[in-house]
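All chains, full assembly: derive it from the sequences and hints.
Read top to bottom, the protein sequences are chains B and G.
Counted from 1, the first sequence has number 176 at position 150 by my numbering; the numbering is strictly sequential.
Counted from 1, the second sequence has number 81 at position 55 by my numbering; the numbering is strictly sequential.
Simulated from the structure, these hints should not be mistaken for laboratory data.
Quick reminder that beta carbons are idealized off the backbone N, C-alpha and C, glycines included.
Heads up, some of the hints might be wrong.
[Unchecked claim] Simulated coverage check for chain G against chain B, where a stretch passes if three residues somewhere in it have a Cβ under 8 Å from a Cβ of chain B:
#, stretch
1, 40-46
2, 49-56
3, 65-78
4, 174-183
5, 198-206
6, 218-230
[As the list claims (entries may be wrong)] Sample of chain B residues lacking proximity to chain G, with all beta carbon distances greater than 10 Å (derived):
#, residue
7, Ile29
8, Asn38
9, Leu83
10, Glu111
11, Ala117
12, Val160
13, Asp169
14, Ala187
15, Ala215
[Unchecked claim] Label pairs and their computed distance ranges (CB to CB):
#, chain 1, residue 1, chain 2, residue 2, range
16, G, Asp169, B, Ala108, 47 to 55 Å
17, G, Gln224, B, Gly74, 22 to 30 Å
18, B, Lys64, G, Pro87, 33 to 41 Å
19, B, Ala163, G, Ala108, 30 to 38 Å
2 protein chains.
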Amino acid sequence: MTIAVGLLTFPNVQQLDLTAPYEVFASVPGARVHLLWKDLAPVTASTGLVLSPTTALADCPVLDVLCVPGGSGVNALMTDVAVLEFLRFQAGRARFVTSVCTGALLLGAAGLLKGRRATTHWMALDLLAAFGAVPEARRVVRDGALITAGGVTAGMDFGLAVVAELCGRDQAEAVQLALEYAPAPPFAAGTPGTAPPQVVAVVRDRLGASRRAREKIIATLRV
Amino acid sequence: MTIAVGLLTFPNVQQLDLTAPYEVFASVPGARVHLLWKDLAPVTASTGLVLSPTTALADCPVLDVLCVPGGSGVNALMTDVAVLEFLRFQAGRARFVTSVCTGALLLGAAGLLKGRRATTHWMALDLLAAFGAVPEARRVVRDGALITAGGVTAGMDFGLAVVAELCGRDQAEAVQLALEYAPAPPFAAGTPGTAPPQVVAVVRDRLGASRRAREKIIATLRV
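What follows is the structure in C-alpha cells.
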C-alpha cells in the first residue's frame, strides 16, 4: 500500500513541527509526502531554514493525512481565507485531519475543532476553547479522524501513531527502529510541570509576544 | 553570548539528523546556524526534502560546533578529498567536533576518530572500529571535544547536551521546554534490543544495501 501525506508549508512555520513527521511518513516504503503551499516559491521557517514546497494548494490530491504544523506563521494564516477554505475542503476528503503544535489553532480557525477533543503546544492549550474545542493536555489526542499533537517534538510520537493507524504497528515500529527513536533527554524540562520554575518563567517570557498576538487575532474571529 | 554552529548539508543527507539539532541550536537566542556545503545550490535529502545551504565551505567561520549529520550521502563523501580536508581544518578550530547518526563515519574517514570513543546508528556501530575508534552503544558519547550521537533522533538529545555545555543547563532546559521535548513514543521499538525480532529483520533488510556499500568503501580507505 502507499500513503499520501500533505504538510502545510508556510512562511514562519516551526520547521521541526514539519520535518519530524515528514521523516516518519517518508520512511514508510512507497509514501508520498507533499509540502503544500500557495505556490512553489521557497518559504523561510521561523528559525531560518528555507523549505521548498512541492505541491501547490490548487494541485493537492486526495490525502490520507492532512497535517498542519505550527509556528509563529500560524498567526497570519488564521485570517487567510484561501488557506482556511483549502483546509476545510481537504479535511472533507482526507482520511485523517491532523496538526502538530500550534497548527491546531489553524484547524480551529477553519472551524474544524468544534466540539472535538484536541491538543496543542502547552503555551496555547487554553486558546483552543475559543474554537469550541475541548483542550486536553496530552502528547497526542485522537478524536475520530482528528489527530492533534502537542508542541513541536510531539510530532515524532504523533507521526508513529498515525503510521500505525494507516499501515499497522509493525510498519510503525520499523520506522521507529530505523530512526533509532529511543529518546533519552538529558534533562526532564520538557513540560511546564517538570521544568524548574525559573526555566518556565524564561520560556513564558520568550513566547509571550506570540501568545499575546494570537489572543488578539482569535478575539476578532467568528468561528 | 552567541554561538556559531555549522551543519554539513550534502546530497542524500538524512534530513532529521540535521533538522532536529538545527532546531535545538537555532532556539538559543543569538545563535547562528550555518548550513555548510560546497556551494549554495539546493541539495536533496535522502527522503526528498530540499535543503538550501547558507554558507559555502570556503566561507565557513570559526565554529563553536561543527556537526556532521548522516544519511546515505555519507558514502560518497568518505572518499571526497575536499570535504575530508574541510572537516580536518574546521575540526582543528572548532570548540566541539560532533556527528549525528552515520555522520560519524565521515569523521572517521577524515581521521578524526582515532583512539576516540564514539557512537553512530546501531546498524553502523561496529564499522567505527575500522577508523580506530572505540564504538560505544550509547545515545550520546562525549570524548573530550568530540561528541557523537546515535541514529537520527539521537540528534535531539545530543543537541540539548551540547547547548548545556555551551550555554549552561538553564538555557538547554529552556529550549527543551519551548520544544516541549517530553517524548512519549507509542511503541518501544527504538533499539534492536527492544524491537520485536520480525521488525529488526525488516529494518536490517531495508538498510542492508547501504550497509554493504559502506563496508566496501571503508575497506578501500587507509585511515
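Hints versus structure:
1. Given as covered by chain B, the stretch 40-46 of chain G passes the check, having 5 residues with a CB less than 8 Å from a CB of that chain where 3 are the minimum.
2. For the stretch 49-56 of chain G, the proposed coverage by chain B is satisfied: 4 residues have a C-beta within less than 8 Å of a C-beta in that chain, meeting the threshold of three.
3. Figure legend: the stretch 65-78 of chain G, annotated as covered by chain B; annotation consistent (7 residues with Cβ-Cβ distances under 8 Å, at least 3 required).
4. Evaluation of the coverage hint for the stretch 174-183 of chain G: fulfilled, as 7 residues show C-beta separations to chain B shorter than 8 Å, against a requirement of three.
5. Taking a C-beta to C-beta cut-off of 8 Å, the stretch 198-206 of chain G contributes 8 residues in contact with chain B, enough for the three needed, and the coverage statement holds.
6. Coverage of the stretch 218-230 of chain G by chain B holds. Counting CB-CB distances below 8 Å, 9 residues qualify, and the rule asks for three or more.
7. The non-interface label for isoleucine 29 of chain B is consistent with chain G: the shortest C-beta to C-beta separation is roughly 14 Å, beyond 10 Å.
8. No Cβ of chain G approaches the Cβ of asparagine 38 of chain B within 10 Å, the least distance being about 13 Å, so the stated non-interface status holds.
9. Every beta carbon of chain G lies more than 10 Å from that of leucine 83 of chain B, the smallest distance being close to 18 Å; the non-interface claim holds.
10. Consistency note on glutamate 111 of chain B: stated as away from chain G, and its beta-carbon is indeed over 10 Å from all of that chain's, at 27 Å minimum.
11. For alanine 117 of chain B, the requirement that its beta carbon stay farther than 10 Å from each beta carbon of chain G is met, with the minimum near 24 Å.
12. Against the 10 Å criterion, valine 160 of chain B stays outside the reach of chain G, whose nearest CB is about 20 Å from its own CB.
13. Distance check on aspartate 169 of chain B: its Cβ is at least 17 Å (rounded) from any Cβ of chain G, clearing the 10 Å threshold; non-interface status holds.
14. With a least CB separation of 5 Å from chain G, alanine 187 of chain B falls inside the 10 Å interface cut-off, contrary to its annotation.
15. For alanine 215 of chain B, the condition that its CB be more than 10 Å from all CB atoms of chain G is violated, with the nearest at approximately 4 Å.
16. The beta-carbon spacing between aspartate 169 of chain G and alanine 108 of chain B, approximately 53 Å, falls within the hinted interval of 47 to 55 Å.
17. For glutamine 224 of chain G and glycine 74 of chain B, the hinted distance range of 22 to 30 Å is not satisfied, since their beta carbons lie about 42 Å from each other.
18. Between lysine 64 of chain B and proline 87 of chain G the beta carbons are some 35 Å apart, a value that agrees with the proposed interval 33 to 41 Å.
19. As the Cβ distance of alanine 163 of chain B to alanine 108 of chain G is approximately 50 Å, the hint placing it in 30 to 38 Å is violated.
When each numbered hint is compared with the structure, violations occur for hints 14, 15, 17 and 19.
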